[in-house]
Amino acid sequence: MDALHWSVDHRGHHSVLNYEQRLRHYVSQWQTLIDDTDGFKGERLTFSVLPNYWNGYSSHASKERHFGTVTIARRRAGIQCEVKVEYHSQDAWEITTCHYTAAEGIEGCFSGNAYCGHPKGAFAWAWSGSVQGGHIALEGPRGMRLAREDTPYGVYSNWCLMHRLPQGVFCLLDGLEQVAPQCEMLPLDTWEMEGTRLMGYVLAGRGMPMSFWWADERRRPMIVSHTLQTFVLTKREGLL
Amino acid sequence: MTNVKRPNIIFLSVDELSYSALSAHGCEDVKTPNMDRLLALGVDFSRAYTTCPLCSPARASLATGFYPSENGVEFNTSPLRREYPDIGQLMTQAGYNAVHCGKWHVPGRDVRTSFDCLYYGNDVINACGAEVFDSVTLHAALAFLAKYDSSAPFYLQVGLINPHDICEFLYGFEGKQVPDLSSLNMDLLVKLPSLPDNFDAQSGETRLMRLLRRSPDYLMHTGVAKALAGWAKAQWQVYLWQYYRYVEVVDAAIGRLITALESMPFCDNTVLVFSSDHGESMGGHGLFQKLTLYEESVHVPLAVADYTGRYVEKKGTVCDRLISGVDIFGTICQLAGIPHGTQAKSILPQAGAPFEAPREYVYIECNHWGRAIVDKQYKLIVDYIPTGNGDGMVPRSNTHGFGDIALYDIQNDKGETRDIAAHLPARTNEMLHRLRSHEENMATPPITDGRTLKDIALWEGALKKAYERE
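Respectively, the protein sequence lines represent chains A and B. Mapping of the first sequence onto our numbering: residues 1 to 240, in sequence order. Mapping of the second sequence onto our numbering: residues 1 to 470, in sequence order.
Excised from the complex, chain A in its bound form (with noise of 0.2 Å):
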């Protein structure tokens, strides 16, 4: 069995006991998955979501936690990409939509939606901003401001990344909201699991701490490992 590498292996004292069990099942059924979608107008990527911990988050909180599943839908339309992305988030407890325009980086109008459905308190809470020439402007409802802020580097969400890597140093707008200034992916060592081969990268920079990507041979991340959660490709989906 191949060994985790150790920048995704979350079974020290305060991982979920079946952290390794459940990333070997997602990572076993990467055979199945279609290898490209070039012949389709779009792809559908699906991400689920370790936690990487359990202890400390709440007193009632369960070893078998999972803590959701992120969907990036991006379909072509010209030389940009329509890109949709639906992640759920069952120990925050809330359902984030994003909608952008892309190439790469994100240019042009975007919109986000988080909706928090606690039944001891329920919320709602929309944005929407735009990049253009380097300027990312953020704005909430009734006017409300949120961020401006100039950049030289392209563009990225993290959602952007989850397609593809990209090369050279970029602005990270995490969450399509959070801006980390200065970002770039460093190289960190190679690993095969399950016979794919993966290239590993260190997201880094100012605003940002440091994650642990593992991409295909085509830059495509394939687990992503946050501090405190991990992201494991599940289904990748031609659209048509």
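Quick caveat, the hints were computed from the structure, so don't treat them as lab data. Misleading hints may appear alongside valid ones.
FRET-style restraints, in silico, Cβ to Cβ [unchecked claim]: (1) B:A426 x A:V169: 52 to 62 Å; (2) B:A457 x A:V169: 49 to 59 Å; (3) B:G461 x A:R145: 36 to 46 Å; (4) B:G461 x A:D150: 36 to 46 Å; (5) A:V169 x B:P425: 54 to 64 Å; (6) B:A232 x A:Q31: 50 to 60 Å; (7) B:T387 x A:W6: 41 to 51 Å.
Yeah, the Cβ is synthetic: ideal placement off N, Cα and C, and Gly gets one too.
Using the hints, position chain B against chain A.
The following block gives chain B in isolation, referenced to the frame of chain A:
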């Protein structure tokens, strides 16, 4: 009640943020434009101290105006005594819309019974989880501000968790071989921060602090401590680098909150108080996390951004009054016109009245037996020696003997590298006298909570051993 319109109050707290980890406070390894802006919008209190360098005790003090040994929250598992009202209850009684979102972490008091709770996690946010919870907490706070249209003032309490994720980053080193991350060539992008000058300093460290952070008898975070024991200095630099990134993440979140507030019509009747529950060791004294009485762990940022123009005469002022965590409670009560009858002082002038007399010193507790007294120039750190009789009493200077005693000149030796207690016996005695006087005026209720007694018993055995051994 005066005729002055009562202000909206926002108490914005972060977790594990040291005073020195802001660019406005001279740190060149981090960029915190938004927290710096908050400091410039009002008063930057440069000598603010937590009441205890641990989440729940510090937070219970912020919520009640009482020290941990008084309100019962001495450990992260100790419940708040029922008879102590919290700020949510008091604000609601005073006619405020008291709302909370994010981290609370005051055991024994369900925040949802004291506040209108906007967001509090799935089950309950306990100690950590910034990456999971902070963005939702911020969404909840922004959604509240966007739709607020009541004529009644609000008290909004926002508990962001970062930069606490540094603790979970460190857990990632437990029980496995992680290579030297400094070899990742991160300096291609950013220069790794230098280690603090006091990285190797251990002069005068008391046995309690050694037990909490260094000793083989260590009772918590042992996996992390073992992993870090083999670290080269460069790996400590990577840990510092990562800590500063969590600081920048929470700074950006704060930026969105204050930018949003400033675009709302009620902003000009709002006062925002910003602070942290406690600090982070940041490699000072070769240590990680908190739970010590060193400056990195207990000295926190505190700002009062006054959008009303009624409380702060000159924006952008730096004030070096000594301030205790309980004073944040006192200040919020004073802003709301609530009498509270605690030792907490307000750090703002009353309308038309002068400042309350400043503190001559602050009093800090740590893990039941540790105490510190900080004045303008010196810091005294002292252990109480456990009696071992399991009497469930809070250690006080009239019932317990002193163990190790250290004195630091924190004006001239900011890194606390030289214990000068033996050189300045008169000053040391004066500080001990302050400790005695302070505790004479404190409530000392017997400890009856089973979990707290269990924690005390656990630590008492280890501390007794440490004193018997040496």
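Hint-by-hint comparison with the structure:
Between A426 (chain B) and V169 (chain A) the beta carbons are some 58 Å apart, a value that agrees with the proposed interval 52 to 62 Å. Checked against the hint of 49 to 59 Å, the pair A457 (chain B) and V169 (chain A) passes, with Cβ atoms roughly 54 Å apart. For G461 (chain B) paired with R145 (chain A), a C-beta distance near 56 Å fails the hint of 36 to 46 Å. Look at G461 (chain B) against D150 (chain A): about 59 Å separates their beta carbons, and that is not inside 36 to 46 Å.
For V169 (chain A) and P425 (chain B), the Cβ-Cβ distance of about 58 Å falls inside the hinted range of 54 to 64 Å, so the restraint holds. In this structure, A232 (chain B) and Q31 (chain A) break the distance hint of 50 to 60 Å, their C-beta atoms being roughly 40 Å apart. A hinted range of 41 to 51 Å holds for the C-beta pair T387 (chain B) and W6 (chain A), which are about 46 Å apart.
In summary, the structure is inconsistent with hints 3, 4, 6 from the numbered list given earlier, while agreeing with the others.
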